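Engineer: Sequence:
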Amino acid sequence: MAAAYHPIEDYGVIGNMRTVALVAKDGSIDWFCFPNFDSPSIFAAILDAAKGGYFRILPTAGDLTRKQLYWPDTNVLVTRFLCPEGVGEIIDYMPVIPRRGRGYGGIVRRVKVVRGTMAFRVECRPAFNYARDKHEIELVKSGAKFHSPQLHMALASRIPFKLEEPGVCAEFTLNEGESTSFELYGLKDEGREERLGLSEEESDQLFRTTVEYWRLWLSRSTYHGRWREMVHRSALVLKLLTFEPTGAIVAAATCSLPEAIGGSRNWDYRYTWIRDAAFTLYSLLRIGFTEEAGQFMDFLDARCHELAPDGSLQVMYGIDGRQDLTEETLDHLEGYKGSHPVRIGNAAFQQLQLDIYGELMDSVYLFNKHGTPISYDLWLYLRRLTNWVCANWTREDDAIWEVRGGKRQFVYSKLMCWVALDRALRLAEKRSFPADWRRWIEVRDQIYETVMKEGWSAKRGAFVQSYGSDALDASALLMPLVFFLSPADPRMLRTIDAINKPPNQGGLVSDGLVFRYDLRYSPDGLKGMEGTFNICTFWLVEALTRAGRNDPSRLDDARLLFEHMLGYANHLGLYAEQTGLHGQAMGNFPQAFTHLALISAAVNLDRALSGKVSR
1 MAAAYHPIED YGVIGNMRTV ALVAKDGSID WFCFPNFDSP SIFAAILDAA KGGYFRILPT
61 AGDLTRKQLY WPDTNVLVTR FLCPEGVGEI IDYMPVIPRR GRGYGGIVRR VKVVRGTMAF
121 RVECRPAFNY ARDKHEIELV KSGAKFHSPQ LHMALASRIP FKLEEPGVCA EFTLNEGEST
181 SFELYGLKDE GREERLGLSE EESDQLFRTT VEYWRLWLSR STYHGRWREM VHRSALVLKL
241 LTFEPTGAIV AAATCSLPEA IGGSRNWDYR YTWIRDAAFT LYSLLRIGFT EEAGQFMDFL
301 DARCHELAPD GSLQVMYGID GRQDLTEETL DHLEGYKGSH PVRIGNAAFQ QLQLDIYGEL
361 MDSVYLFNKH GTPISYDLWL YLRRLTNWVC ANWTREDDAI WEVRGGKRQF VYSKLMCWVA
421 LDRALRLAEK RSFPADWRRW IEVRDQIYET VMKEGWSAKR GAFVQSYGSD ALDASALLMP
481 LVFFLSPADP RMLRTIDAIN KPPNQGGLVS DGLVFRYDLR YSPDGLKGME GTFNICTFWL
541 VEALTRAGRN DPSRLDDARL LFEHMLGYAN HLGLYAEQTG LHGQAMGNFP QAFTHLALIS
601 AAVNLDRALS GKVSR
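Residue numbers (our numbering): 1 to 615.
FYI, nobody ran anything at the bench for these hints, they're computed from the structure. Only a predicted model underlies this, so the values are computations on that prediction, with no experimental measurement involved. One or more of the hints may lead you astray.
Said to hold, decoys possible - Cut-off 25 Å, straight-line C-alpha distance, at most; resulting in silico cross-link-like pairs (BS3-like, lysine-lysine):
| id | residue 1 | residue 2 |
| --- | --- | --- |
| 1 | K25 | K112 |
| 2 | K430 | K369 |
| 3 | K239 | K369 |
| 4 | K453 | K337 |
| 5 | K51 | K134 |
| 6 | K407 | K337 |
| 7 | K141 | K162 |
| 8 | K134 | K188 |
| 9 | K188 | K25 |
| 10 | K51 | K25 |
| 11 | K407 | K134 |
| 12 | K134 | K112 |
| 13 | K369 | K337 |
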């Protein structure tokens, strides 16, 4: 069955800030959850080619060349087919405004022939509730309806369908200049509409409205530096991964795409990590998207009103703010290319990850500085969180990488506890908020000295992953980025140099790409290997960029590495979580962490090359 799966990098993504769909180069939608990111899937062929369900439109000609591109400055996707008989294309998008009472979440697929004549076959085979629910099919004059116990969908078309269990299919031919549209959307109940379909005039207007929305949104960007196209594509991805009703930002659009084929490192990333979203807020602020940053601050504010009795936050939340994300496996699905188990939910919500407080406080500090001054009521919750950090920073935790091999004294967690105290102090001083000054200063300084003593390995000549360890960890690259150390500090430069060596020389870098840690020396309680971590590569770019202020050769290295990493994006400029040993995309896709790090690295590197000081 492995041959039936597309490479992860062969997908494009469309969405409407509530959910997304992945569209392969062959015109197949293989992932779509409805109505929200974390709702059960309707199409999940990417997780089980036989059972998962898909919505495919493909020319019937055998000799095809396929291309895929985004309509400029939008999230409207064009899949183009070239063959001896002609040139055809599918324009895929999700309308970003409610329409005719249909609400959000619909997919519009407009098929056109721009040259010659081309025959197509369309197949829609839904598999509701992760292929666990059976459904009935109702053929109607203007399309088909699918009825499952919990969800009803309509597929509108001017092309008549025929039944082909467990879905519908049709074949049609278009001549040069002709087009037809398909629209898939949810019904409020079993559906009474007599007229389901779009006229071509309606389809054209909906397309133009969607294009205008995305272009107007992107026009707010303040980034005009080098690599503008890649930065803007990353911004468009982050906007797609934002759940507009609450301002929550999901870590990725998918679940259970593996970090290694056949391995068990398959996680559900359709939730909001405090860490990921805080980094995202920083990146959006850097390029002028203060409204999105404000929406996420509202989400954080709501979570702060739900602190645990001891004053702590969860690591992650549902996009609606829910706290219970119980993890379960879907044993009836084989997983991408046989990589199982397939997981939904994420048990990491119960972990202790001390670093989230630093990332949260840093993002609040920056929002207060570059966005809107925070309220006194929010400060009261932040003060409570800061006091919780003072009381708990010495604990062992599961840390940024969510290891499942037991808690440790992770250096990065201590670093970010220092950030939490430092930013709380800065914010209190900036706004003259009441604060526990003596306690906060004392704990901040204690954390600093502890990290410098316990986190430094004289043997390795570098900061390491945890106390008493000699194992390197790419998270140490963030030390100068959060102003813990000067980028020219000798200890920092030695750490960068230690990491920036190949694994066979004790480092974490393979052809410029960075592993988060070396599994041979840093067991994490999981079986199997993984690829290089894309965000870590962009962290190395930023660390070299900042070190390059005093050493031009390091700035040159930063630019070469950044442009080298851009070459590992897919054909649309999208990244997954990791890059495999053969250059393939691995892990959930597209990944917010990677794209936010690209933006941050691009902004700071561009400013450094232009002789400006970055923050």
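Engineer: Please go over all the hints and tell whether each is borne out by the structure.
Structural biologist: Hint check results:
1. This hinted pair checks out: K25 and K112 have alpha carbons roughly 16 Å apart, not beyond 25 Å.
2. Straight-line distance between C-alpha atoms of K430 and K369 comes to about 9 Å, which keeps the hinted pair within the 25 Å bound.
3. Our distance criterion of 25 Å between C-alpha atoms is met by K239 and K369, whose separation comes to about 22 Å.
4. The suggested pairing of K453 with K337 is violated, with an alpha-carbon distance near 46 Å, which exceeds 25 Å.
5. Restraint check for K51 and K134: the C-alpha separation of about 12 Å stays at or below 25 Å, so the hint holds.
6. Pair hint K407 plus K337 does not hold up; C-alpha atoms about 32 Å apart against a cutoff of 25 Å.
7. Pair hint K141 plus K162 holds up; C-alpha atoms about 11 Å apart against a cutoff of 25 Å.
8. The hinted pair formed by K134 and K188 meets the criterion: a straight-line CA distance of about 19 Å does not exceed 25 Å.
9. Taking the CA atoms of K188 and K25, the gap is about 32 Å. The hint is violated against a cut of 25 Å.
10. Restraint check for K51 and K25: satisfied, since their Cα atoms lie roughly 20 Å apart, inside the 25 Å limit.
11. Between K407 and K134 the alpha-carbon distance is near 43 Å, which puts this suggested pair outside the 25 Å criterion.
12. Annotation: proposed proximity of K134 to K112 is violated, straight-line Cα distance about 33 Å (limit 25 Å).
13. Taking the CA atoms of K369 and K337, the gap is near 47 Å; set against the 25 Å cutoff, the hint is violated.
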